[in-house]
Structure formats: structure tokens, C-alpha cells
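Heads up: the protein sequence lines correspond to chains A and B, in order. Per our numbering: the first sequence = residues 1 to 92. Per our numbering: the second sequence = residues 1 to 582.
Honestly, the hints are just simulated from the structure, not real lab data. All values reported here derive from a predicted model rather than from experimental measurement. For each residue, glycine too, the CB sits at the ideal point set by N, CA and C. Take these hints with a grain of salt, some might be off.
Stated by the list, open to error - Within a straight-line C-alpha distance of at most 30 Å, the following computed BS3-like cross-link-like pairs (lysine-lysine) qualify:
(1) 90/B x 7/B
(2) 8/B x 12/A
(3) 22/A x 7/B
As the list claims (entries may be wrong) - Calculated from the model, a selection of chain B residues having no Cβ within reach of chain A, i.e. all distances over 10 Å:
(4) 37
(5) 87
(6) 130
(7) 250
(8) 550
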Amino acid sequence: MEITRTLPITHKYGLHARASTKFAEVAQQFRAAVFLARAGASDGEVDGKSVLGILTLGIELGHEIVLRVEGDDAEAAIAALEELVRADFHGV
Amino acid sequence: MRPMELKKGIAVSPGIVIREAFILDSEEIRIPERFIEKEQIEEESARLEAAIAESENRLDQDIAQLGSKIQINTQILEIHRQLVGDAVLKNEILIGIQENQYTAEHSVSRVLNKYIKKFERMDSQIISERVHDLYDVEKLILTTLLGSRVEHLDSLEREVVLVARNLTPAQTAKLDATWVKGFATDIGGKTSHTAIMAKALGIPAVVGLENISTTVVGGDTLIIDGFRGVVLINPDARTLADYRDKEANLVKLRQRLRKDVALPSETVDGYPIELFANIELIKEVHALANLNTAGIGLFRTEFIHLQNPRSGEEGHFQHYQATLKEIGQLPVTFRTLDLGADKGDGGRGPWVEENPFLGCRSIRYCFEHPDLFRDQLRALLRASAHGSVRIMLPMVGAIAELDRALNMLDQVKEDLRNDGIAFDENVPVGVMVEIPSLAMIADLIAPRVDFFSVGTNDLTQYTLAVDRGNENVASLFDPGHPAVLRLLQQTLRAGEAAGIPVSLCGEMGSEPLYVPLLIGLGFRNLSVSPTSIPEVKRLIRTIKVYECKALAKRCLAHTDGLAITAELKDWVSDKLPPSMRF
């Protein structure tokens, strides 16, 4: 199963180191492959389980991310990741 | 053994040295080998996997130990833990081992450096500031891989020549001059930091070698020929014997020059030319006693700060006082902190400017960090009670900037008076003439200061808009350009009209090609690196001022730099004995 979702980043510091770490940690809990891109950017997707990859996107407050999840537990994965992003990474 | 290889670069510090290569990688960790054989790929991959697993373990233990005691610290460790365990990262490192036959260490360093560069270029400052986390991760994996084989620059125990992409002041501040006998770097130009350091240490250096740091393998024998700008990797027996002879002859020549050093610094027709020393490191001061100098014409204070950004007033004062004690009654011109641009920012983390040489450097940086500047001014004034102190302000470009610095100095003086602390009320304050705008208004500035000192490196770079460290344009860097000569002349005239001394402390003053011209223009006061003093003095003692004046007049009549260089070269080969040519 493949699910794609576009989400706004509302965290003050964007996907900074701690937020990216949190994101990768959550993504790693699922079997599904997780991909992340910056909406409207030409850099393409990075592995959402790689904090290094996420950081290279340089996502800041006000950017939108395109989240693509592929695998048998994709639904659970997207739910967990969307919750994390909408909750501003739980205050990290 | 691999065959001999010759690399051509830019000669920046004369001399010849034959030693084993020490390759400086990131974080000053030396990577002993860069390549493996095909049969070792599997073993090397396993070594990497084990090192990453061990690094992860170490971080897990650290995180568990710290627990929730110090939240910030574990957060950073958790970021490191994620980075070390990053599958994308590991994969890229493995590809380097398997496809390019890199050693695990070399592959780690290459991959992480790729990301470091990427991070540094990113618009988001929050992310570009994470670069030091990548350095930490690189260091952790490398030290785990190397185990007890880790060798640090500051714990060397044999003589080597340093090979690096580039040398930063933070790195050179740490190196032990007892063991480092030469530099060879990929980038840099005649007036780069590497060049200045090499001259300060009196060791040969060749820069702009493009890829020496990736060509040389640890343990290779290197010949650095700082006269011809050549580096020979693994020389054959004949070349080696040849260079051993040259090295021995050079030692003899240096000894002869040293003997003449006690003679007065004056021209054949009796004009005294005062020779001062440019000092980079405190440890150089001691050796000045044997050089018969007129004092220190440029004391670069930023290295005190780079070695310890928290030196504060007391740390600076200790250094100044020790210097004054060592030098006795002779004057010392202390240049206030020249940070920024190529000199790092002393611990504030990576902070990238689009155009650092036109950015917040030097006096501008000091205005941005008034506490730092005030601490230094206080230390300098306090030191002025213990010897002959002169204060020199760098990178001043306008009267408003000069006034601002002088006001701060007045405030600090007032504070000291209130605190009852002794200082020299008449401590001379001068400016460094290194921005063309200042040279052009030298007549307006001169009445407000006690001296001028021309910094020809920056003056040339800013006048000609040539980055002195960029090898693509380094050949355009020409201190003999008519525009530079006119600015020098203008500065000298303004100084003369106001009755203040004008000295010169740039590299130009130690280049035999330019010394006769400078004397002809009117300079009677040069500050050069200590290692250049014997040679410059010998040169001064072979020339006549009236001939230099005629030379300067001819040079000023030329319309371009090439003609001036040709004129100077002609003069030198005509007037100077062969041993003084270069």
C-alpha cells in the first residue's frame, strides 16, 4: 500500500536536528518505507528513516513536506508521522 | 613502493625539507592508509560495521549514564546516536569501500565531509549550525576504527611535513613546531594563512598543489622545495641524494647570514632602515634577541584568542606582559584582534558569510563584540605600564570607525584611571592602512593618529579585487600594480605632511624584488617575519638609496604592473650579487 500526504511545518525551527531525529525514530518503528520531500523543491525524496537525509532537505517553518509511505503497515506509519508533525514534534 | 611523482604549486616559504608525510584530515586525526586491495574489501566492510556498532554502543552507554540528569546533553547524544546509526550514511560509506577500494577511515571521512559541505551551504542557519555534530560523529567513528592507532597533531613524536587541504589558524595554533618541518597544501596563495605561518616558523611551504592531500599516502617520503614551488612524492635515490646536498648547503648559507645579523641595518650610502619583526606566536619572541631587530612591528594578537577564546583581559595581559619582558625596552606594536574572514571566529561555531573578506572581520568584528574588544584594550593599556606598547587598529576604512575605536579606548582609559590602574597615558595609537578607502583619505586620517602601518597583503587584495587565496586568480595578485604603488605613495606623503611615521608590515617588505622599490618610495621602516630578517638586512646593506629613488621613479612612470615587475627584475639582476637573487 502507498499513501502520500502533504503537511505544513508549523514548528518554529522547522525540521531541525532534534525534530528530524524524532521523525526518523518514529519512521524506523515501521516496516513501511518512508520518503520525504520538500513541496515545490527540485531536490527529490530522501529516506525518511535517515536523519542525515532529512536534514539535507533544509525544511523550515512555513515549508510544506510531502510524505510518502509504502508498505503493509503504511496506514499506521502515516498516522503516527502525521500526528508527530501536527503536534510540532511534541515540543522538541 | 610507488614511483616518484612531482607536483607543482606556489612557493610561499623558502627552504628545502625531506621528511615523512603526515596527512591532516578533519579534526586533526591522521588517516594512515587510504586505499585497500580488492581482497580486503570484505574484511574492511566488516571492520566498518563493527566500528559503527561499537560507536552506537558507546553512545547508548553515555545516554544511559547521563539518564535524564542533563536533558540538553542527552538530546545531543541522541542526535549523534541517530546519525551514527543512519542507514543511508552507512550505505554510502560501504559503497566507497566496495567500489573505490577506500579504507573504512578514508570512506568515512569522505562521506561525512560531503555532508558537512552540503550542510554548510544550506540556507537554514539552524541546520548549517549542525555541522559540528557531523564533525563529532566523524571523529567518533574514526577514533573507534583506529583504536589505539589514533595519532594527533598535538602529540607528534617525530619530524614530519604536514599535508592538508588547507591549514586553519585554529589548527596551526595547536601544532608543535619542534616536529613540523614543512607544509604542503591543496589550496592557498602567497599571502594565505599557511604562507604566513610557514614564514613565521621558518619552514618551507608550497601551496596551491590542488590535490596533494588526496595523492599522498601516510608514510610517503616528501621533498618540499620552497624555492621552486615543487613537491616530490617518494623521490628516487638520485633525486634524494641531490636534495640532501641542497638541504646541507642551505643550512650553511643560513649560518653565514646569521653571522651578519649583528651588523647595522643601513644602506651602502648610510641611510638607516629600521627592521622590525612580525610576530605570530609568543614562542617566536625569544629568538628575536639574536636577530638584532628594532622591535616588533606587528604582533598578531588573534592567536591568543584562537588558542583560548576565553582568554579575557587577564589572559591577553599575561601574553603582552611576557612579550614586553622578553623584548626589553624595544617597542611592540600590538594589532588588535583581526578575527573573521580566514581567521575563524574563535568558537562561535560555523557561521558562514557570503563574502567574508568584505564581511564582519577585524575591527568590525570587535565592534560587534564590544566586551571582547574592551577586554583587549584594557589588557593593552595595562601592559603599556610595563614596556613600550603601541596599539594598531586594523581594517579601519572611515573616520567614523576610527573615532568609534578611539572613543572606546578613551572610555577604557577613564575606567583604568578610576580603578587606579597604571598605564601609559601617551600610548601611541595608529591604524593599519589596508583598505583602499583609508589610503585615499590618508591625509584626513593622519592628523588623528600617531602612526600608519601599511598592510600590503590586504591593500593589494582589496585594491585589485583579487582573492589572495584563490589559485585561479592568484597570478593577478600583484603588489607592484601601479594602483597599489600610488596608494603607497599617497600614504607616505600624508604621513610626512602630518609628521607621523609610516611603516610597512606586509609580505611585500620581505620580498627582495620589492624592497629596493619600497625604500625608493620612501619607506625607512619595514616589519617582516623573523626568518626573513637576515636576508632583508643583507639586501639593505647592498643597495644605495639614491639608486632606489631612481628605480621608484621609473616604476611609477610605467603604465602597468608587468612592466614594473620587469623593471624590478632587471634592476635586481643588474645590481644584486647572484647570492641575493631568487
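Structure-based check of all given hints:
Restraint check for residue 90/B and residue 7/B: not satisfied, since their Cα atoms lie roughly 34 Å apart, outside the 30 Å limit. Restraint check for residue 8/B and residue 12/A: not satisfied, since their Cα atoms lie roughly 51 Å apart, outside the 30 Å limit. A C-alpha spacing of about 48 Å is found between residue 22/A and residue 7/B, which places the hinted pair above 30 Å, so the restraint is violated. In this structure residue 37/B is separated from chain A by more than 10 Å, as the shortest Cβ-Cβ distance comes to about 30 Å.
With a cut of 10 Å on Cβ distances, residue 87/B falls inside the contact zone with chain A, its closest approach being about 6 Å. Not every Cβ of chain A is farther than 10 Å from the Cβ of residue 130/B; the closest lies at roughly 5 Å, contradicting the non-interface assignment. The beta carbon of residue 250/B is kept farther than 10 Å from every beta carbon of chain A, the shortest such distance being approximately 50 Å. No beta-carbon of chain A is positioned within 10 Å of the beta-carbon of residue 550/B; the least distance is around 61 Å.
Of the hints listed earlier, those the structure fails to meet are numbers 1, 2, 3, 5, 6, in rising order.
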